[in-house]
Amino acid sequence: MPLDTSTYSLAGLRTDGRRWNELRRIHGQISTQAAADGSSYFEMGQTKIICTVHGPSEGRRTGGGGGRDQSNSARIDTEISIAGFSGVDRKRRNRNDKRVQEMCHTVSSAFSSTLFTHLYPHSSISITLHVLSQDGSLLAACLNAATLALVDAGVPMSDYVAACTTGSTGSYASNDEEADPLLDLNGVEEQELPFMTIGASGGEDRVNVLIMETKVQMVRLEAMISVGFDGCRQIRGILDEIVRAHGKKVLEARVN
Amino acid sequence: MPSLTTSLPFSPAELAYLHTSLSSLPPLRPDARPLATDFRPLRAETGVLPAVNGSAHVGFSDGREAIVGVKLEVEKTVTTSKTVVLSKSGNEDGAMDTDDNNEQPPRKQDGTTNGIQERDEDKGKSKGGRPEWVTLTLTLPGLRDDDPNLVFLEEMLREPLAISGLQEQLVINHRWHWHVYVDVLLISPLGLASYPLPLLSMAVHLALRDARVPRLKSEGEEDPVADDDWMASAFLYDSAGKRPPVTLLVVVVGENVIFDPNREELAVADAVVAISVGRTAASSTGGETGKKSAKDNGEEYKILAVRMIDTPARDTMKGVPMSGEEGEGVDVPGVWKPRVGGIKRAVLKTVAKSVIQGGVARDVMAGLDGFLDVETNGVAS
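Residue numbers (full-length UniProt numbering), protein chains in the order written: chain A, 1 to 256; chain B, 1 to 381.
Where hints are given, some of them may not hold.
Subject to a maximum C-alpha distance of 35 Å in a straight line, what follows is the list of computed DSBU-like cross-link-like pairs (lysine-lysine) [to be verified]:
id: 1; chain 1: B; residue 1: Lys353; chain 2: B; residue 2: Lys302
id: 2; chain 1: B; residue 1: Lys76; chain 2: A; residue 2: Lys91
id: 3; chain 1: B; residue 1: Lys318; chain 2: B; residue 2: Lys337
id: 4; chain 1: B; residue 1: Lys302; chain 2: A; residue 2: Lys91
id: 5; chain 1: B; residue 1: Lys302; chain 2: B; residue 2: Lys242
id: 6; chain 1: B; residue 1: Lys344; chain 2: A; residue 2: Lys91
id: 7; chain 1: A; residue 1: Lys215; chain 2: A; residue 2: Lys98
id: 8; chain 1: B; residue 1: Lys344; chain 2: B; residue 2: Lys302
id: 9; chain 1: B; residue 1: Lys302; chain 2: B; residue 2: Lys349
id: 10; chain 1: B; residue 1: Lys353; chain 2: B; residue 2: Lys242
id: 11; chain 1: B; residue 1: Lys302; chain 2: B; residue 2: Lys76
id: 12; chain 1: A; residue 1: Lys98; chain 2: B; residue 2: Lys353
id: 13; chain 1: B; residue 1: Lys337; chain 2: B; residue 2: Lys242
id: 14; chain 1: B; residue 1: Lys318; chain 2: A; residue 2: Lys91
id: 15; chain 1: B; residue 1: Lys217; chain 2: B; residue 2: Lys344
Because the hints were derived from the structure by calculation, they are not lab data.
Hey, can you work out the whole structure from these sequences and the hints?
Structure, rendered in structure tokens:
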């Protein structure tokens, strides 16, 4: 059912009862799988992701003994598998889907700037993301889940990568200069409204990831980005809380 | 924390030790499980996914996990246009559409029917469904979608579903039916090397038990329109009747039949057998069931499929005795020799017997039933 955005404004409520700058329910768990080096489970609203990390481990995946390894840093390999039951319609996704490959590349390059890969030359870190259910903010949830799993795996990094989506209440065609920014769009909103995924790390509003697939007027961009930063700050706080809660649990289990 | 669990091969000495322990009577299992029929504990929950008809999440104690989602979609029934039915009188072609010719044996010639197969119009449904209305896909990260081992495993999971007759319940009317999509996601560090068949089969079983079919507001031959009220939906497997099948992995070592083998037990197996069992509601006739079923409290357990799996003990290195190499065919006790050949037919019979008459199938089904009872009763209370 198409979204009725006529009532969307700064003062109004969205279809799921949120205001323009409210995040959805975010829930995360770390170390959900004992068998993996690092693992996490992350939910942003109804978007649910499982992430497992293996590494840093010796040897690259491709080019075993023959290839000459020139680089002095670890390689980050990301694989995303979107389950057939993740959307409303059951859809079997091809592994080599271009969009999925682009997301994999985005995740890999997002972490290549925050992880201390120079400490592990000739190694590879492999991140595997399983999408169980999608309802908007897919890339953002993948980045957050991967951050948690990498923290669990003990890979040294400079900061979390916290990501969220931000959009605009007016579509491009409506040419509405007064359109308001929105934070954390759900699945239905993403289909109708322009939105972008923004990932920040470094704690000083430094952009790590910015992906936008839809069109929007330039005048609205600044508001969207500043709202996005605010959202990323909130999400960073939540990710930190999740990590600390797990740490506390582990310590208490050891002490008692 | 590097993980060293991936594919550490066993040495010939270890293999010989494991084989000797498991061949003794009673078998001494490496994880000290007292009985050959003891299963490892598993965690399970159903109803974990929001956008599906049924779902389950099952985890074994060694860290492997499977998440299964069952989705039902309405599909148009493609009917074969003309099916020629030969009758004794040889009058007309059997021009009526039949969905599955094999399901209806040609009727004998008698005065009323003229040798033409006819659908039972009273019920308003065509008899039987097609096995291709059940699609099962397995996703394992790191493997290609057309990897042959993956495809075999998918078929091993799908086959008992088709044999147990799931497609019979999928018929809506002559032109429409439900298509069941079972998507299985396996998260396992060892991948397929861990023989995930029983784990996946239990996860699929629980997801199918959890699956609900929306109630249809349309009737008869109308295009199907579903009721938006999810609470009005019915379970795909209603509680009184059939159960989805479960596939068990069984290992034969010497004279012993061992259930739920772990990695060590699989490594020394003389034979590995995958047995699919199903449970049907008690049938009044009972006469048509063969030797392989047993009545138990009014329910019958049937073996739906038996598949032999190549035992990993074939690919092992042989051990060398202290006194030096022996000739071919000389078996030095305590020295490992890789398995060759198959197993005796009598042993396979023992396997089938212990599954059905020995009560293992009943115990597994009872365990799964009990788990689901706890879940539903827990919700209600």
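Hint check results:
1. B:Lys353 / B:Lys302: holds, 11 Å
2. B:Lys76 / A:Lys91: Roughly 17 Å separates the two Cα atoms, so the pair holds.
3. B:Lys318 / B:Lys337: With a Cα-Cα distance of about 5 Å, the restraint between Lys318 of chain B and Lys337 of chain B holds, given a limit of 35 Å.
4. B:Lys302 / A:Lys91: holds, 34 Å
5. B:Lys302 / B:Lys242: holds, 11 Å
6. B:Lys344 / A:Lys91: violated, 45 Å
7. A:Lys215 / A:Lys98: holds, 20 Å
8. B:Lys344 / B:Lys302: holds, 22 Å
9. B:Lys302 / B:Lys349: Roughly 14 Å separates the two Cα atoms, so the pair holds.
10. B:Lys353 / B:Lys242: holds, 22 Å
11. B:Lys302 / B:Lys76: holds, 32 Å
12. A:Lys98 / B:Lys353: This hinted pair is violated, its Cα atoms lying about 52 Å apart.
13. B:Lys337 / B:Lys242: violated, 45 Å
14. B:Lys318 / A:Lys91: At roughly 48 Å apart (the allowed maximum being 35 Å), Lys91 of chain A and Lys318 of chain B break the hint.
15. B:Lys217 / B:Lys344: violated, 56 Å
The structure fails hints 6, 12, 13, 14 and 15 (numbered hints given earlier, in ascending order).
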